[in-house]
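Asks: Based on these hints, arrange chain B on the given structure of chain A.
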Amino acid sequence: MTVILGQTFTGISIGAVLLLIALGLSLTFGQMNVINMAHGEFIMAGAYTTYVLQKSISSAGISLIVALPVAFLVSGALGALLEWLLIRRLYLRPLDTLLVTWGVSLMLQQLARDIFGAPNVQTRAPDVLTGNITVMGGDDPLTFANSRLFILGLAVAAVLALSLTLRLTPLGRRIRAVVQNRDLAEVSGISTSRVDRTAFFLGSGLAGVAGVALTLVGPIGPTMGTNVIIDAFLVIVVGGIGQLKGTVIVAFVLGVLQSVLEYSTTVSVAKVLVLVAIVAFLQWRPQGLYTLRTRSLV
Amino acid sequence: MNVLKGRSARVWTGFAGAAVLLFAVAPVALSDFRLGLLAKYLCMAMVAVGICLAWGRGGLLTLGQGVFFGLGGYAMAMHLKIADAGPGNLPDFMQLYGTATELPWWWRPFANPLFAIAATVLLPMVVAALLGLFVFRRRVKGAYFAILSQALASAFAIWLVGQQATTGGTNGLTDIQGFFGYALDDPVNQRMVYFVIAAALLLLIALARQLVNSRYGELLVAVRDSEERVRFLGYDPANVKLVAYVVAAGMAGLAGALFVPAVGIISPALIGIVPSIEFVIGAAVGGRASLVGAVLGAVAVAWAKTALSEEFPAAWTYFQGLLFIVALAFLPGGLASLTKFVRRRRTAPAKASVVPVGEAA
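Sequences listed follow chains A and B, in order. Residues 14 to 311, numbered by my numbering, are exactly what the first sequence covers, in order. Residues 236 to 596, numbered by my numbering, are exactly what the second sequence covers, in order.
Partial selection, computed: residues in chain A whose CB lies under 8 angstroms from chain B: (1) L99; (2) L111; (3) V117; (4) L119; (5) T239; (6) T279; (7) V282.
Beta-carbon label-pair distances, calculated as ranges: (8) B:V527 / A:S176: 46 to 54 angstroms; (9) B:R450 / A:A90: 49 to 57 angstroms; (10) A:S277 / B:W340: 20 to 28 angstroms; (11) A:W297 / B:P344: 28 to 36 angstroms; (12) A:A90 / B:L265: 42 to 50 angstroms.
One side only, chain B facing chain A, incomplete, derived with CB under 10 angstroms: (13) W290; (14) L298; (15) V370; (16) R374; (17) G397; (18) I508; (19) V509; (20) I516; (21) T552; (22) G556; (23) L557; (24) L558; (25) I560; (26) L563.
Read the hints as simulated data drawn from the structure, not as lab findings. Glycine included, C-beta positions come from ideal geometry on N, C-alpha and C.
The shape of chain A in the complex, shown without the other chains (with noise of 0.2 angstroms):
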């Protein structure tokens, strides 16, 4: 019972930090249609902030809080450069936005290991993050990282503050409005290139708030974002583009498995399945979890 509970909450774990990856992906990817592979160079970004900010201040907690909102900022300004530089002459070819944006990340991580050097860095974790909670005493105590609990409440943050944004702001009414039907936002008054560039500031951002989250469960490096790119866009496939709910629930279904099957069988073979498990549920819904209802053809 213990076994099948603590797989589950590393599962629900591994989950919190796919989502908070891949909630910003779903606002670029999803709602813009953007493949913005250097998204994992942002996270790298936000994790290398973290780390600058902690040399800084001595108090690692303080520098966590301070860090979240920072990392928000830089890796924000990076991915609005970004779409002012590169993107914004890309929205009619999807495919080739996968392609350049890969040439970026490639630079990204060539300026890390320039500035950081190649060798992993690491930050200290605050002390109210350290330790564990016992859930359930007894022969076979059940414990919860004290730090996998603070990423899952990141992770439900994050999701409550961009899925708030979206509905009830000006802002997310206008990132709607654009994302539904470009050409009438446009003659509504709407700067649909603003909104664009805004939607990518905010997207991006997110993408620091998870390396944030994820220099407390593992080294910084320049190569970090190229590890966990790839499952967040498979979380977004999966769930449907441009749907925040199928992103959250894919993203802990995921988790679980993922979980699960590392636990009955070994890291790599785990992986396979997954993959396989994914393939499998795009035959049932090719057009992910939950999807917008159209008249288009496919």
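Replies: For chain B alone, coordinates are given in the frame of chain A:
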């Protein structure tokens, strides 16, 4: 008719010129070391021929060619390792780890040279057919397909690393000595390997040209540009795409198989996400829709990588990124479209030049 004649004459001259360059000029002009490098680049070019077919003509951006390259490479390397070890012996790395006492069951068929050679091409084709059937039948396309193919490359590399005792893990299969009875450290035999690779490349280009110029080739472009119309005309776009994808996989498999004797190693680092995208770079920079462009682009990019990355590894990565950005954002037809681009600019400066390359929306 005259136009056609002129065109086919030009193609034949080009083909003959390439053959002279590859078979007569290069072996004389280049040192053994350089010729070995060229053999490696030509393997990259073979993958690019497949990418030109699948992506340039068919609009299928496949970011997982590394998988097929790897399947071909591992199939060949497994046979060569078994042959090196001699009858009854285990390949050296298996003895090293000491975990395997006998050859794993899935290694055994590769002891047979004919099975191994067939597997280098057929294994990738079967895997591509399976994935393609599942993906294209359900009309998963565009970005979805690109991401799935990339995930496949990632999963395959991770799986290979995880199975250290039977696949050599991160190191891969290294230190391959012989090639069907010929010692690979002999420069004469290395030269023969080069000739085999050059001949295979020319063969693949000829094959791809035939496909592109056939009715099927027209259908493939039609599917890329307007899948629905092709469907309404009574064809099944899934089958059309499947053929291009499977052929491209077979070509990558053959390239992987010939890469092994040329370089003497196959490892997960050669087939994961990054190399899979690098295969696409060459084709994209040269011109994804043009066979000659894709082949020359692949060779040029691979050559530039060797030339620059040894001396300035950091500079090369920046350059590679920049090359990709410029080639795709500003010149989507690649260098092959440069002349067209310039000509169009000169004749109609006011009109934005849009190069018609595939993007099945």
